[in-house]
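Each residue of the sequence shown is one higher than the one before, counting from 1 in UniProt numbering.
Check each hint, because a few of them may be wrong.
Claimed, not checked - Pair by pair, the computed Cβ-Cβ distance ranges are:
#1 Glu25 - Glu129: 29 to 39 Å
#2 Thr90 - Val7: 18 to 28 Å
#3 Glu119 - Glu26: 34 to 44 Å
Worth flagging that the hints you see were computed from the coordinates, not collected in a lab. Beta carbons are placed, not taken as given, at the ideal position from N, Cα and C, and that holds for glycine.
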Amino acid sequence: MGGGIGVLHIAAVGGHLEVCKYLVEELGGDVNAPAPGVGDFAGVTPFMSSAQSGDVSTVKYLLDHGGDLTKSDAKGRTVLHHAACIGSCTVTEFLLSKGVAVDIDCGRGTPLHQAATNEQDKTVKILLEHHA
1 MGGGIGVLHI AAVGGHLEVC KYLVEELGGD VNAPAPGVGD FAGVTPFMSS
51 AQSGDVSTVK YLLDHGGDLT KSDAKGRTVL HHAACIGSCT VTEFLLSKGV
101 AVDIDCGRGT PLHQAATNEQ DKTVKILLEH HA
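Build out the structure end to end from the sequences listed, making use of the hints.
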């Protein structure tokens, strides 16, 4: 990913649950720490990064340890935008089951727009089933 992100971001985006546990529990890693700088990853948190892993267990762990469902990155994208953009159906369904808002517009569209723009047809269907 690059751009000044931390090791917890990298572990989260890779779905490395045991590494995330160590970083959070033993070293006090912040699951909502925004990545500094500019570009695609500015303001992205480890929790948001985990949504891109496709690994529900990592997403659930970070949510259970304070992951903020409503926090947005520098581009206004929430954790659901990140899951929808890459077409992670299992993570999208998990986040929706936790009550994440389905229709937040980040200025570049809702999670539905992000999924459609990136041709994530299965994710589009899931979002539509949840009244996106």
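Taking the hints in turn, this is what the structure says about them:
1. Glu25 - Glu129: 29 to 39 Å: holds, 36 Å
2. Thr90 - Val7: 18 to 28 Å: Since the Cβ atoms of Thr90 and Val7 sit about 25 Å apart, the hinted range of 18 to 28 Å holds.
3. Glu119 - Glu26: 34 to 44 Å: The hint (34 to 44 Å, Cβ to Cβ) holds, given that Glu119 and Glu26 are roughly 40 Å apart.
Of the numbered hints listed earlier, not one is contradicted by the structure.
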